[in-house]
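Peer 1: Chains as they are written, first to last, in numbering that gives the first Met the number 0: chain A, 0 to 357; chain B, 0 to 220.
For the record, the hints were derived by calculation from the structure and aren't laboratory data. Glycine included, every Cβ here is placed at the ideal spot set by N, Cα and C. Hints should not be assumed to be uniformly reliable.
These stretches of chain A come out as covered by chain B in the derived footprint (C-beta under 8 Å, 3 or more residues) [stated by the list, open to error]: (1) 6 to 14; (2) 71 to 77; (3) 101 to 109.
What follows is a list of derived Cβ distance ranges for each label pair [stated by the list, open to error]: (4) B:L206 to A:K113: 19 to 25 Å; (5) B:I47 to A:F27: 39 to 45 Å; (6) A:P75 to B:R193: 56 to 62 Å; (7) B:A202 to A:K113: 46 to 52 Å; (8) A:I215 to B:D113: 31 to 37 Å.
Sample of chain B residues facing chain A (criterion: CB under 7 Å; computed from the structure) [unchecked claim]: (9) Q87; (10) V119; (11) L138.
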Amino acid sequence: MGLSVQFAKRFPSGPVIEAGFELALGRFGLTVLFGPSGCGKTTVLRCLAGLERPDRGCIRAGDETWFHPDRKHQLPADRRGIGYVFQEPALFPHLSVAGNIAYGLGGWPAPARKARVEEMIRLMGLGEFAQRGPSEVSGGQKQRVALARALAPRPRLVLLDEPFAALDRVAAEPLRHNLRQILQALGVPAILVTHDPQEALALGDRMLLMAEGRIIRDGAPAELLSAAGAAQEAQLGAVLRARVAGRTEGLLRLVVGRVELFAPDPGGSFQEAYACIRGEGVSLEQGPHGLLSQRNRIAATITGIEPLGALKRVRLDAGVPFEALITAWACADLALEPGRQVQALIKASAIQVIPIEA
Amino acid sequence: MDWEAIRLSLRLAVSSALLLAPLGVLLAWPLAFGRFRGRILLEAISSIPLVLPPTVLGFYLIVALGPRSPLGMAWEHLTGSRLVFSFQGLLLAQVITNLPFFLQPLVASLGGVDRRLLEVASTLGSGRTGVYLRVALPLAWRGLLSGLILSFAHAMGEFGVVLMVGGNLPGKTRTASIALFDQVQSFDMAGANRTALLLLGFAVVVLACTAWLRSRERAWA
């Protein structure tokens, strides 16, 4: 049985959000819906959940129609059998941790309900907090409760809307580490919304790359992110597959084609890694240069310049594609235009390194 | 002190609060969360007793409940007695008069409930009724309690509508505030003072309770 999604939703004075993909139900698989903030990822999730109504298209799960505009049919959220985890845990403040987890088990016989709640509490490592109120547990534990609550009724599909976004790194890391194992153990397919390439690569089996309201690519996360131009299309800067050429003073020396980059060493003994470079971290200069604090200086050719709000996106080629986001004023000042040679300066700290385990 | 009138007022206030609770809970949902066209009209109609002079409301209630009205005739046919100038007629009038005092704090509390919690509840299999009864209403309990207390207190002291619909029949429709009016009319100022003080003390306690509930609601939020 599969989920077939093809719909569009228009917001008043806003962009049109379109989505079209198929997804297998009934077995584990983690699909990452990946794209920059504001590109419509959450809208896609909300339409799938039945919390928003698309304008046109069709959503089917097996023989069941979830949305069909001609028949004015919209299956309510409570009858879709999906679990939804928001950015914020959104726990019911009047119920205990165990009460929150049991919420969706209303129709279950009491012994089965009790057993399921205990199973979820054990699986999420929430044993000692079961009887506490939501205000008495930490942010990371709250999000575990939210996940347990969504998974307890055995949903056909679980939708995770940036579930780690509201957590600090220390709280997010253990949950991120466990998420895949938990979903796999329960055999639940999931769609995870994120704009963090590290999260997408670490967790996803499949990636739907979204930009400006549309799904522009569909494939394996590693292949998609390192495919030439894919990350740029999604306004995520560049994700480059690099070889580790050396390690020195907490920095990695990475080689991508003929380009050498220095980036912070996250630790570990990997030999290959993805280097994620966001356009905001790249500055440009022309002509002779003096001494600078930037570790990375790369000679590149401008391949294109596009307006992006108050900024300009300057597409660059140095044997590998990447980009710089600079002000329109700076762009005019440097008389930048396609075909011109420039020096791209990248702070080492602006490069995110994602190890590729052998 | 006219204890019979005070007892009647209490009986009337408790009964009207008991009838108002289910009716108000039913009406509060569309007012707080409804997206239908007539919502504003429903809100306006349910608030009319707040702004209409009690005598005007009382007059229309006499017309609506009187022996020649369909409701009055049906009641007389069923029970053999008239609805106006009876306790039952008074109770019905009180429910209508006090409806906005119950609805307004409840609707305000429901409006303050985090929408995401309602959305989560619906993804967990709760239909509209389930979402309302299991999440929205428990989280708006202070508004519910405020509404009950306010409508109860208002029913205790209502004068104009009671006089119009119930008249002044001792033991039947003479409430505490009408007894106070009678005491003043017959120059029993000491008796009037005692009745007024009792009603004043009651009002202060009620307002203190609702103010405390509101402050707790802010703390919860």
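Peer 1: Holds or violated: the 39 to 45 Å window for the beta-carbon distance between B:I47 and A:F27?
Peer 2: About 58 Å separates the Cβ atoms of B:I47 and A:F27, which means 39 to 45 Å is violated.
Peer 1: Count residues of the segment 6 to 14 of chain A with a Cβ under 8 Å from any Cβ of chain B, then say if the count reaches three.
Peer 2: violated (count 0)
Peer 1: At a Cβ distance under 8 Å, does chain B reach at least three residues of the segment 101 to 109 of chain A?
Peer 2: holds (count 4)
Peer 1: Does the Cβ-Cβ separation between A:I215 and B:D113 fall within 31 to 37 Å?
Peer 2: holds (34 Å)
Peer 1: At a threshold of 7 Å, is the proposed contact between B:V119 and chain A supported by beta-carbon distances?
Peer 2: holds (5 Å)
Peer 1: For B:A202 and A:K113, compare the CB-CB distance with the range 46 to 52 Å and indicate the outcome.
Peer 2: The hint (46 to 52 Å, Cβ to Cβ) holds, given that B:A202 and A:K113 are roughly 48 Å apart.
Peer 1: Look at the Cβ atoms of A:P75 and B:R193 and judge whether their distance stays inside 56 to 62 Å.
Peer 2: holds (58 Å)
Peer 1: Examine the segment 71 to 77 of chain A for residues whose CB is less than 8 Å from any CB of chain B, and state whether their number is three or more.
Peer 2: holds (count 3)
Peer 1: Measuring from beta carbon to beta carbon, are B:L206 and A:K113 in 19 to 25 Å?
Peer 2: violated (45 Å)
Peer 1: Quick check on the hint: B:Q87 CB to chain A CB, less than 7 Å?
Peer 2: violated (37 Å)
Peer 1: Against chain A, run the beta carbon of B:L138 and see if the smallest gap drops under 7 Å.
Peer 2: holds (6 Å)
Hints 1, 4, 5, 9 from the list above are not met by this structure, while the remaining hints are.
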